[in-house]
Amino acid sequence: MDYGPQLDILRDTARDLCADPWVANKLTLDVRMEGGRPMLKALPETMPYLRAAYAIKRNELSPELKGLFEGMAG
Numbered sequence: 000m001d002y003g004p005q006l007d008i009l010r011d012t013a014r015d016l017c018a019d020p021w022v023a024n025k026l027t028l029d030v031r032m033e034g035g036r037p038m039l040k041a042l043p044e045t046m047p048y049l050r051a052a053y054a055i056k057r058n059e060l061s062p063e064l065k066g067l068f069e070g071m072a073g
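Take the sequence shown: its letters are residues 0 to 73, numbered as in numbering that gives the first Met the number 0.
Hints are supplied without guarantee of correctness; some may be wrong.
Quick list of in silico lysine-lysine cross-link-like pairs, DSS-like style, CA-CA up to 25 Å [claimed, not checked]: (1) 40 to 56; (2) 65 to 25; (3) 40 to 65; (4) 25 to 40; (5) 56 to 25.
What the hints contain is simulated information worked out from the structure, not anything from laboratory work.
Based on the provided sequences and hints, a complete structural model is requested.
Structure (structure tokens):
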């Protein structure tokens with residue numbers, strides 16, 4: 000599945016919420032395969048902004064991406 004546009008929505012929203020330019024520039028969100036399962040990857044310092052973006056944009060995301068995000072540790 001192509002998560003690209005949905006990841007862009009989350010990333011851009013998280014960047015808009017971040018007041019620290021250094022952290023905002025480090026803010027990335029990727030889907031990678033680990034052990035045959037897709038997993039979301041992001042830097043730990045960006046997680047508060049990604050969680051806030053997810054809370055704001057949750058209704059615009061596919062059930063598959065919601066499941067990946069809700070299963071993400073951090």
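Problem - Violated constraints from the hint list, given by number and in increasing order - result: Per hint list: zero violations.
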